[in-house]
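S.K.: Sequence:
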Amino acid sequence: MIVFPENRKEYLNSKPRAYRIGWLACESNIAHHRLDASELVNKQYTDGYGDCSANTECLTNQPEQEIA
23 MIVFPENRKE
33 YLNSKPRAYR
43 IGWLACESNI
53 AHHRLDASEL
63 VNKQYTDGYG
73 DCSANTECLT
83 NQPEQEIA
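Here the working numbering is used: the first residue of the sequence shown is 23, the next is one more, and so on.
Keep in mind that a hint or two might mislead.
What the hints assert, rightly or not - Distance ranges between label pairs, derived from CB positions:
no., residue 1, residue 2, range
1, Glu-28, Ser-60, 31 to 39 Å
2, Lys-65, Glu-32, 35 to 43 Å
3, His-54, Asn-83, 31 to 39 Å
4, His-55, Pro-85, 17 to 25 Å
5, Thr-82, Ser-60, 18 to 26 Å
6, Asp-58, Pro-27, 15 to 23 Å
7, Cys-80, Ser-50, 17 to 25 Å
8, Lys-31, His-54, 17 to 25 Å
Hint data in this document are derived by calculation from the structure and do not stem from the laboratory.
Even for Gly, the Cβ is constructed at its ideal location relative to N, Cα and C.
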């Protein structure tokens, strides 16, 4: 699933806090690191970070759409 900028806020609000923090860290080019937290929180953070990275790559590789 590609998260477009216009849907980003709604998408992130549907996710756990640690996921959102990971996503935002990735957007801010903060190096991924392990949190001083439970395994579940670290997994959510890592998932958010990785999903943001993959989403950014997908958005970057989107073909230009023609305007009719």
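S.K.: Taking the beta carbons of Asp-58 and Pro-27, is their distance inside 15 to 23 Å?
M.R.: At 32 Å between Cβs, range violated.
S.K.: Take a look at whether the Cβ-Cβ distance between Lys-65 and Glu-32 falls inside 35 to 43 Å.
M.R.: Hint violated: Cβ distance 23 Å, outside 35 to 43 Å.
S.K.: For the pair Thr-82 and Ser-60, does the Cβ-Cβ distance stay inside 18 to 26 Å?
M.R.: violated, 33 Å
S.K.: Between His-54 and Asn-83, is the Cβ distance one that fits in 31 to 39 Å?
M.R.: Violated: the Cβ-Cβ distance is about 21 Å, outside 31 to 39 Å.
S.K.: Starting from the hint 17 to 25 Å, judge whether the C-beta atoms of His-55 and Pro-85 obey it.
M.R.: violated, 34 Å
S.K.: Within 17 to 25 Å: is that where the Cβ-Cβ distance between Cys-80 and Ser-50 falls?
M.R.: holds, 19 Å
S.K.: At the C-beta level, are Glu-28 and Ser-60 separated by a distance inside 31 to 39 Å?
M.R.: holds, 33 Å
S.K.: Return holds or violated for the Cβ distance of Lys-31 and His-54 against the range 17 to 25 Å.
M.R.: At 23 Å between Cβs, range holds.
Hints 2, 3, 4, 5, 6, counting from the list given before, are not met by this structure.
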